[in-house]
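Residue numbers (the numbering used here), protein chains in the order written: chain A, 46 to 261; chain B, 20 to 212; chain C, 24 to 240.
Any given hint could be a false lead.
From the derived model, a few chain A residues whose C-beta atoms are all more than 12 Å from chain C [unchecked claim]:
{"no.": "1", "residue": "Trp219"}
{"no.": "2", "residue": "Ala247"}
{"no.": "3", "residue": "Glu248"}
Cut-off 30 Å, straight-line C-alpha distance, at most; resulting in silico cross-link-like pairs (DSSO-like, lysine-lysine) [claimed, not checked]:
{"no.": "4", "chain 1": "C", "residue 1": "Lys96", "chain 2": "C", "residue 2": "Lys169"}
{"no.": "5", "chain 1": "C", "residue 1": "Lys89", "chain 2": "A", "residue 2": "Lys145"}
{"no.": "6", "chain 1": "B", "residue 1": "Lys111", "chain 2": "A", "residue 2": "Lys245"}
{"no.": "7", "chain 1": "A", "residue 1": "Lys214", "chain 2": "C", "residue 2": "Lys86"}
{"no.": "8", "chain 1": "C", "residue 1": "Lys86", "chain 2": "C", "residue 2": "Lys96"}
{"no.": "9", "chain 1": "A", "residue 1": "Lys214", "chain 2": "A", "residue 2": "Lys59"}
{"no.": "10", "chain 1": "C", "residue 1": "Lys178", "chain 2": "C", "residue 2": "Lys193"}
{"no.": "11", "chain 1": "C", "residue 1": "Lys196", "chain 2": "C", "residue 2": "Lys169"}
{"no.": "12", "chain 1": "A", "residue 1": "Lys63", "chain 2": "A", "residue 2": "Lys214"}
{"no.": "13", "chain 1": "C", "residue 1": "Lys226", "chain 2": "C", "residue 2": "Lys146"}
{"no.": "14", "chain 1": "C", "residue 1": "Lys191", "chain 2": "A", "residue 2": "Lys214"}
{"no.": "15", "chain 1": "C", "residue 1": "Lys148", "chain 2": "C", "residue 2": "Lys193"}
{"no.": "16", "chain 1": "B", "residue 1": "Lys118", "chain 2": "A", "residue 2": "Lys244"}
{"no.": "17", "chain 1": "C", "residue 1": "Lys119", "chain 2": "C", "residue 2": "Lys96"}
{"no.": "18", "chain 1": "C", "residue 1": "Lys169", "chain 2": "C", "residue 2": "Lys69"}
{"no.": "19", "chain 1": "A", "residue 1": "Lys145", "chain 2": "C", "residue 2": "Lys119"}
{"no.": "20", "chain 1": "A", "residue 1": "Lys214", "chain 2": "C", "residue 2": "Lys169"}
{"no.": "21", "chain 1": "A", "residue 1": "Lys145", "chain 2": "C", "residue 2": "Lys86"}
{"no.": "22", "chain 1": "C", "residue 1": "Lys178", "chain 2": "C", "residue 2": "Lys194"}
{"no.": "23", "chain 1": "C", "residue 1": "Lys196", "chain 2": "A", "residue 2": "Lys214"}
{"no.": "24", "chain 1": "C", "residue 1": "Lys178", "chain 2": "A", "residue 2": "Lys214"}
{"no.": "25", "chain 1": "C", "residue 1": "Lys146", "chain 2": "C", "residue 2": "Lys89"}
{"no.": "26", "chain 1": "C", "residue 1": "Lys238", "chain 2": "C", "residue 2": "Lys69"}
{"no.": "27", "chain 1": "A", "residue 1": "Lys145", "chain 2": "C", "residue 2": "Lys69"}
{"no.": "28", "chain 1": "A", "residue 1": "Lys214", "chain 2": "C", "residue 2": "Lys148"}
{"no.": "29", "chain 1": "A", "residue 1": "Lys145", "chain 2": "C", "residue 2": "Lys169"}
{"no.": "30", "chain 1": "C", "residue 1": "Lys178", "chain 2": "C", "residue 2": "Lys148"}
{"no.": "31", "chain 1": "C", "residue 1": "Lys191", "chain 2": "C", "residue 2": "Lys178"}
{"no.": "32", "chain 1": "C", "residue 1": "Lys193", "chain 2": "C", "residue 2": "Lys169"}
To be clear, the hints were calculated from the coordinates, so they are not data collected in a lab. Just so it is clear, CB atoms sit at the ideal spot from N, CA and C, and this is done for glycine as well.
What follows is each chain in one-letter form.
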Amino acid sequence: MKQKELDGYQEFMKGLWKENPTFVQVLGMCPTLAVTNSAINAVVMAVATFFVLVGSSFLVSALQRWIPSQVRISLYVIIIATFVTLADYSLLATLPAVHKQLGAFIPLIVVNCIILGRAEAFASRYPVKYAVLDAAGMGAGFFLSLTMLGTVREILGTGTLFDIPLFGKGFEPWVTMILPPGGFITLGLLLLLSNWVTKKRAEFLKQVAAAQQEGL
Amino acid sequence: MENLVWIFISTLLINNFVLSYFLGLCPFLGVSGRLETSFRLGMATSFVLVVTAISVWFLNTYVLIYAPYLRLISFIVVIASTVQFIEMAIKKLSPALFKALGIYLPLITTNCAILGLAVFATSRNYGFLEGLAFALGAGAGFTLALVLMAGIREEIEKTGDIPDLVRGTAMNLLVAGSLSLAFMGFAGLFSAG
Amino acid sequence: MSDNQVMEKEPSNFTLIFSMVLAGLISGVAIIGVYNATLEAILANKAHDLQQAVFRVLPGVSKMQKLRFEHDKLNIVTDTLADENVIYAGYDSAGKLIGYAIPNEGPGFQDTISLLYGYMPDKRKMVGNEILDSRETPGLGDKIFKDLDFVANFKDLSVDPTIVAVKKGKKAKPNEIDAITGATISSKAVVRIMNLARERWEKRLPPPGGEPELKAN
Chain A
46 MKQKELDGYQ EFMKGLWKEN PTFVQVLGMC PTLAVTNSAI NAVVMAVATF FVLVGSSFLV
106 SALQRWIPSQ VRISLYVIII ATFVTLADYS LLATLPAVHK QLGAFIPLIV VNCIILGRAE
166 AFASRYPVKY AVLDAAGMGA GFFLSLTMLG TVREILGTGT LFDIPLFGKG FEPWVTMILP
226 PGGFITLGLL LLLSNWVTKK RAEFLKQVAA AQQEGL
Chain B
20 MENLVWIFIS TLLINNFVLS YFLGLCPFLG VSGRLETSFR LGMATSFVLV VTAISVWFLN
80 TYVLIYAPYL RLISFIVVIA STVQFIEMAI KKLSPALFKA LGIYLPLITT NCAILGLAVF
140 ATSRNYGFLE GLAFALGAGA GFTLALVLMA GIREEIEKTG DIPDLVRGTA MNLLVAGSLS
200 LAFMGFAGLF SAG
Chain C
24 MSDNQVMEKE PSNFTLIFSM VLAGLISGVA IIGVYNATLE AILANKAHDL QQAVFRVLPG
84 VSKMQKLRFE HDKLNIVTDT LADENVIYAG YDSAGKLIGY AIPNEGPGFQ DTISLLYGYM
144 PDKRKMVGNE ILDSRETPGL GDKIFKDLDF VANFKDLSVD PTIVAVKKGK KAKPNEIDAI
204 TGATISSKAV VRIMNLARER WEKRLPPPGG EPELKAN
């Protein structure tokens with residue numbers, strides 16, 4: 046296999062939309078839904094995942110020469126679990142209130158398929174610089190979708206954003222949105238929206254191409 | 020005893036692993052296409068859950084009180100080796116069962132329900148029996164959710180009248196949302212009294 | 024990837040084991056490092072939270088110590104483990120026992136509710152309550168700690184013969200509390216958890232005069 050030409054900018058940007066881990070690859074669902082009942086929880090979870098993702102991609106890429114392929118998965122898991130433990134303890138020491146909210150879901154970052162997926166599919170084959178950019182892009186995409194879900198659910202479910210009330214007293218919160226069913230339904234609808242945008246965009250590009258052809 | 024029943028029922032229905040804690044969503048969304056395979060995967064996962072609960076209790080009681088910082092790593096190692104061991108055992112003891120389950124077994128390692136069980140059982144200080152009741156409830160709940168989902172999806176596919184835009188994950192999530200909503204009705208089952 | 028494999032020979036078992044052990048060692052060192060670095064802050068946070076909770080449920084208390092019921096009596100302990108045989112004794116600045124903060128947990132509407140209440144044995148009254156952990160329905164069940172009227176129920180509550188939840192506004196006796204409208208089950212769950220703890224500790228608490236001394240430290 047010949048290594049393809051890499052463009053750092055492209056490797057970063059693909060995670061945001063074209064290969065967004067949540068909306069396109071539908072990976073790492075369990076933290077995505079479990080902790081997005083408020084915007085602040087979503088942000089903290091996304092930041093922790095970002096840290097683990099970039100850190101482990103960096104190490105996997107830097108060490109790829111020395112990692113024997115037979116035991117690579119176990120080694121990746123050890124690397125990831127180490128970073129998660131670091132994140133877990135740092136969070137517990139600095140933001141105990143948020144840590145309590147996220148509860149047991151921080152350790153579950155270990156089994157977030159996005160991280161192992163990037164290590165195996167990208168970081169283990171490409172130079173450090175691109176591996177980090179790729180991980181940062183995926184992390185940013187994850188951050189984007191988590192924040193989006195958290196924001197929508199918090200606004201509808203409690204009428205607040207980052208605990209700041211948005212509406213007057215007359216607002217009757219749609220409690221279901223911050224309960225588990227709200228997670229499934231909000232993500233389902235956001236996926237629908239993203240499918241629709243992708244489809245419209247493809248149609249639009251096709252029309253442009255057709256128009257150009259006619260013009261020639 | 021009452022406590023054990025509460026843990027079991029609560030984990031099975033009220034706080035269902037899939038529909039309330041969002042654990043084990045990958046197989047839930049991925050494998051729930053057919054009823055038959057869903058049930059088998061559910062059974063295999065339940066088995067791993069029970070073995071994990073027992074190992075985690077041993078770890079927590081005899082090892083991790085001396086080295087709490089090794090919690091996560093040791094859980095992961097235990098889960099991965101449990102799955103590997105079960106795979107080898109089944110292969111040797113019952114080749115027929117292995118053939119039926121074979122492809123799903125390695126997938127169980129990355130099922131967050133397993134690590135979730137370990138982490139939750141630890142943070143709630145469950146004892147041996149409590150952990151067992153928790154694992155049985157989680158396994159039964161996972162199987163129940165998977166089988167329900169597969170049944171609904173098979174029925175929907177039969178009508179064959181689904182817009183392309185909705186087909187796939189978006190639809191599955193909306194169906195899961197309705198299921199989750201229905202399961203909310205179980206809340207309060209134990210506390211009135 | 025495949026380029027590398029061409030250059031390398033098939034690694035021996037020794038290489039495989041060596042790389043696993045090395046990774047384990049490095050990861051162990053990193054984890055122990057961060058554990059030691061954060062341990063102090065984490066323990067301090069936890070102790071602070073617990074102390075604040077005890078002070079909130081027992082007004083007038085400025086010192087506390089942990090007691091565990093073992094071998095048929097209350098012993099002063101300093102570990103950080105919590106179980107159903109642990110309570111916290113609260114003292115005023117002169118070292119006189121004010122009351123006990125008693126934790127307990129049990130099934131709520133959604134999931135386990137864990138709480139800590141303050142009890143003054145000389146008055147046989149509950150003087151405060153704090154919900155430590157719950158997953159009750161937001162907007163309804165979470166009123167057990169968000170609704171100030173409901174919380175105020177426990178600031179001066181007789182425990183004899185037992186605590187009873189009644190419909191909101193129907194509170195007439197000193198041992199009754201107003202339940203939350205729309206969250207009767209959560210309210211009753213809280214009362215049930217308290218009554219169970221009260222029964223468990225009724226016989227265990229020392230008689231007047233036999234209170235555990237505040238150990239100077």
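Right, here's what the structure says about each hint:
1. Trp219: Per Cβ check, Trp219/A is inside 12 Å of chain C; nearest 10 Å; violated.
2. Ala247: holds, 33 Å
3. Glu248: holds, 38 Å
4. Lys96/C x Lys169/C: violated, 36 Å
5. Lys89/C x Lys145/A: holds, 23 Å
6. Lys111/B x Lys245/A: violated, 53 Å
7. Lys214/A x Lys86/C: violated, 41 Å
8. Lys86/C x Lys96/C: holds, 21 Å
9. Lys214/A x Lys59/A: Given that 30 Å is the threshold and the Cα spacing comes to 42 Å, the pair is violated.
10. Lys178/C x Lys193/C: Judged against 30 Å, a Cα distance of about 17 Å means the pair holds.
11. Lys196/C x Lys169/C: Within the cut-off at roughly 24 Å; holds.
12. Lys63/A x Lys214/A: Violated, because 41 Å separates the two Cα atoms, which is more than 30 Å.
13. Lys226/C x Lys146/C: holds, 16 Å
14. Lys191/C x Lys214/A: holds, 23 Å
15. Lys148/C x Lys193/C: Holds, because 20 Å separates the two Cα atoms, which is no more than 30 Å.
16. Lys118/B x Lys244/A: violated, 40 Å
17. Lys119/C x Lys96/C: Answer holds: Lys119/C to Lys96/C is near 20 Å, not above 30 Å.
18. Lys169/C x Lys69/C: holds, 22 Å
19. Lys145/A x Lys119/C: Violated - the C-alpha atoms of Lys119/C and Lys145/A are around 34 Å apart, more than 30 Å.
20. Lys214/A x Lys169/C: holds, 17 Å
21. Lys145/A x Lys86/C: holds, 26 Å
22. Lys178/C x Lys194/C: Answer holds: Lys178/C to Lys194/C is near 14 Å, not above 30 Å.
23. Lys196/C x Lys214/A: Outside the cut-off at roughly 34 Å; violated.
24. Lys178/C x Lys214/A: holds, 29 Å
25. Lys146/C x Lys89/C: The hint holds at about 21 Å.
26. Lys238/C x Lys69/C: holds, 21 Å
27. Lys145/A x Lys69/C: Holds. Lys145/A to Lys69/C sits at ~11 Å (cutoff 30 Å).
28. Lys214/A x Lys148/C: violated, 37 Å
29. Lys145/A x Lys169/C: Holds, at about 18 Å.
30. Lys178/C x Lys148/C: holds, 9 Å
31. Lys191/C x Lys178/C: The given pair, whose Cα atoms are some 17 Å apart, holds under the 30 Å limit.
32. Lys193/C x Lys169/C: holds, 21 Å
Of the numbered hints stated above, those contradicted by the structure are hints 1, 4, 6, 7, 9, 12, 16, 19, 23 and 28, listed in ascending order.
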